[in-house]
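Asks: Residue strings, one per chain:
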Amino acid sequence: AQSVTQPDIHITVSEGASLELRCNYSYGATPYLFWYVQSPGQGLQLLLKYFSGDTLVQGIKGFEAEFKRSQSSFNLRKPSVHWSDAAEYFCAVALSGGYNKLIFGAGTRLAVHP
Amino acid sequence: EPEVTQTPSHQVTQMGQEVILRCVPISNHLYFYWYRQILGQKVEFLVSFYNNEISEKSEIFDDQFSVERPDGSNFTLKIRSTKLEDSAMYFCASSTDRSGYTFGSGTRLTVV
Numbered sequence: 228a229q230s231v232t233q234p235d236i237h238i239t240v241s242e243g244a245s246l247e248l249r250c251n252y253s254y255g256a257t258p259y260l261f262w263y264v265q266s267p268g269q270g271l272q273l274l275l276k277y278f279s280g281d282t283l284v285q286g287i288k289g290f291e292a293e294f295k296r297s298q299s300s301f302n303l304r305k306p307s308v309h310w311s312d313a314a315e316y317f318c319a320v321a322l323s324g325g326y327n328k329l330i331f332g333a334g335t336r337l338a339v340h341p
Numbered sequence: 063e064p065e066v067t068q069t070p071s072h073q074v075t076q077m078g079q080e081v082i083l084r085c086v087p088i089s090n091h092l093y094f095y096w097y098r099q100i101l102g103q104k105v106e107f108l109v110s111f112y113n114n115e116i117s118e119k120s121e122i123f124d125d126q127f128s129v130e131r132p133d134g135s136n137f138t139l140k141i142r143s144t145k146l147e148d149s150a151m152y153f154c155a156s157s158t159d160r161s162g163y164t165f166g167s168g169t170r171l172t173v174v
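Residue numbers (my numbering), protein chains in the order written: chain A, 228 to 341; chain B, 63 to 174.
There could be a bad hint or two in this list.
Cross-link-like lysine-lysine pairs, in silico, BS3-like; alpha carbons within 25 Å at most [unchecked claim]:
| no. | chain 1 | residue 1 | chain 2 | residue 2 |
| --- | --- | --- | --- | --- |
| 1 | A | K276 | B | K145 |
| 2 | B | K104 | A | K295 |
| 3 | B | K104 | B | K119 |
| 4 | A | K288 | A | K276 |
| 5 | B | K104 | A | K276 |
| 6 | B | K104 | B | K140 |
| 7 | B | K104 | B | K145 |
| 8 | A | K276 | A | K295 |
| 9 | B | K119 | B | K140 |
| 10 | B | K119 | B | K145 |
| 11 | B | K145 | A | K288 |
Quick partial rundown of chain A residues pointing at chain B, CB under 8 Å, derived from the structure [said to hold, decoys possible]:
| no. | residue |
| --- | --- |
| 12 | P267 |
| 13 | Q269 |
| 14 | F317 |
Everything labelled a hint here was simulated from the structure, so no lab data went into it.
In this text the structure is predicted, and so the values were computed from the model without any measurement.
We put the CB at the ideal spot given by N, CA and C, even for glycine.
Okay, chain A solo, but in the shape it has when bound:
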């Protein structure tokens, strides 16, 4: 069955430190890949997406993600975290074609220490 795994439930980093959030997927073919961010009580904001082409994708708020087909991974990175980045981050995948449902990972809650 198709699935998305975010191995880290909770991560704490210091402000200014680098960040990497992990995401692995299980699909028969290369899916469409997404990262969303959710602040407490808020909706889901798209950070970035990968459909095809360059495997390093730039997103909003200084985030980037790299698709690695051999590892079935789509890890999210940021070189220097800001206190405002504290939120929950969800990796999501969909079969190619924008009409297919999104499958979400369980999320990683990011805390940022001053």
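Chain A is fixed; fit chain B onto it per the hints.
Replies: Then chain B, alone, in the frame of chain A:
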């Protein structure tokens, strides 16, 4: 930037009552979805809708749920007889083939 609009932002209802959650998708999007997120849990797919019919639904989407696109702009989720376990945040989303999925800010449903 175009947005998906959901109303109301918060609804409290008594168990057994019917609720209708409303969404206005992005105007040129063709595919529409409902997801839910129980507090502290992950986002779960409920149903997708295309060309005025359901294209896929999850096992959560049982006979108590229905969706409708009553006019050219609104997309609604109806829960016929709410249960306590229906309490969740409900998200509407829309997409095109290549746009990715845009989510609304959600409706928090509380069943008491």
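Asks: What are the numbers of the hints that this structure violates, sorted from low to high?
Replies: Structure breaks hints 1, 11 and 12.
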